[in-house]
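Trainee: So you can see what is in the structure, the chains are spelled out below.
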Amino acid sequence: MSATTRPSLLLRRYNAGQRLNHWITAITFLLLTFSGLALFHPSLFWFTQFFGGGTWTRILHPYIGVVMFVSFSLLALQFWHHNLLSRNDVQWLRQIRDVVQNHEDRLPEVDRYNAGQKLLFWVMIVTIPTLLITGVVIWRPWFAPYFTIDTVRIAALVHAVCAFVMISGIIVHIYAALWVKGTIGAMVRGTVTRAWAAKHHPGWYRRVIRGEDH
Amino acid sequence: MALQSLDILRRSATTTPSPQQRQTTEVAKLIDVTKCIGCKACQSACQEWNDLREEIGINEGSYQNPHDLTANSWTLMRFAETEQNGTLEWLIRKDGCMHCADPGCLKACPSPGAIVQYSNGIVDFHEENCIGCGYCIAGCPFDVPRLSKKDSKVYKCTLCSDRVAVGLEPACIKACPTQALVFGSKEDMIEHANDRITDLKERGFENAGLYDPAGVGGTHVMYVLHHADQPQLYNDLPKDPTISPVVSVWKGIMKPLATAAMALTALAGFFHYVTVGPNETDGDDEEHSA
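So the sequences go chain by chain: A and B. Under our numbering, the first sequence has 108 at position 108, and the numbering climbs by one with no breaks. Convert by adding 1000 to the 1-based position in the second sequence; the result is the number in our numbering.
Treat each hint with caution, since some may be false.
Claimed, not checked - A short list of chain A residues far from chain B (calculated; beta carbon distances all over 12 Å):
1) 24
2) 26
3) 42
4) 48
5) 104
6) 145
7) 151
8) 164
9) 196
Unchecked claim - Chain B is faced by these chain A residues, among others (derived, beta-carbon under 7 Å):
10) 141
11) 157
12) 171
13) 206
The set of hints was computed from the structure by calculation and includes no laboratory data. Please read these numbers as outputs of a predicted model, since none were measured by experiment. For every residue, glycine included, the Cβ atom is placed at its ideal position computed from N, Cα and C.
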């Protein structure tokens, strides 16, 4: 294959700034997941070793959380308009069995994102700000003393529930990237193949080929 | 203070049994509020024995000093003025850790061994394992643990576990001039309390009673109250304290279920991959792009 034909086979899906933004969010997410789970269930307390012990885990977690919130907010500002649900998305979700069985040909046309990706986006939109707010309420020693004990209790529970929903969602997100071959390149090198785009995101593919905006 | 190591009934954030081969007698401190004269000898004795000093504060128009429990003041005389039986009553309650049989602090604590409960009923903080998260503050139904500004560790009454371990009574008991504070086996303390309650009833306090709240499994610090029907009169002593249902969900049922659900979600992904398999684009297109 000659070098000249190569670029034409690849389509740009994310630019360098978006990739950097995504991976800052991803890295902070992983740090938060491990440090947070360490303090959630005793069987996972050993995760504190990654952070220099229990006290360091407690100190670092909220600061990393603020970084993730800012990083995710920048992602959300760039991508929210691609994630509005359409009628096709409802049909796509009804056929979730076809989705998991790899019967993609039976599904309604997908644009830049499929309904699963959009739902994940909105789950993050709900959980991440909630995690920030409840996280501030339980943040010791700085902010928790300003709230009543009942408020701190509720915040701790809501924080744990949101974290659970978010982590479960991201597990699906990571798995989907491994399952649908050719996806990871989109976020690593910024490109996907034409075949990948035509198969998984035909609506988006046609717009890109016509030279329209992403 | 880890002096008793063979009689640990429960240890925070630990899912296997703790060393508990030795069974000790269940102890209790009985605080007879009706005999207390508010001299604060117990407060001084506590700081003396534990070698802590409270900062000099300011007078806010009450005998209560300091104004609240702190990381240095593990016990505090709380003063309340109320009108009961048609007359002014000055109710003085020695506040501090209640040493619950079902301790909310221990349930909430995420750090293994930062909070332990001995078989004699004492609930103790081991500050060297404390990470400073303050979950115990959310867990406690009595608002007792205090986070130190100096080291971000929590402190509270130990019921002088170090003294009790070697057969001594707690320092506050030793200092009390009116025997409003007594210490012994929980059984003996209940018996002693019942004698006092009978006496109080004969003297016109018909609602006198023992405060040993069942909602937290009973406590190892108990009160004799003249108005046991209204514990809130005594500076908001809770009427029916329990571990908050919010804490019970968070550190009870949700903890194993959510952890299992996350693990199963990841496992489901793996099983999907090895059964249904990856979603690939047609071979020739993949080759071109490779």
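Trainee: Each of the hints needs a verdict: does it hold here or not?
Mentor: Against the structure, the hints come out as follows:
1. 24: The claim holds: residue 24 of chain A sits with its nearest Cβ about 23 Å from chain B, beyond 12 Å.
2. 26: 16 Å, holds
3. 42: Residue 42 of chain A is in fact no farther than 12 Å from some Cβ atom of chain B, at 4 Å.
4. 48: 8 Å, violated
5. 104: 7 Å, violated
6. 145: 8 Å, violated
7. 151: The claim is violated: residue 151 of chain A sits with its nearest Cβ about 10 Å from chain B, within 12 Å.
8. 164: 4 Å, violated
9. 196: Incorrect as stated: the minimum Cβ-Cβ distance to chain B is 5 Å, not above 12 Å.
10. 141: Given a least distance of 6 Å, the restraint on residue 141 of chain A holds.
11. 157: The hint holds - residue 157 of chain A has a Cβ within 7 Å of chain B, the shortest such distance being about 4 Å.
12. 171: 5 Å, holds
13. 206: At about 16 Å, which exceeds the 7 Å cut-off, the nearest Cβ of chain B leaves the hint on residue 206 of chain A violated.
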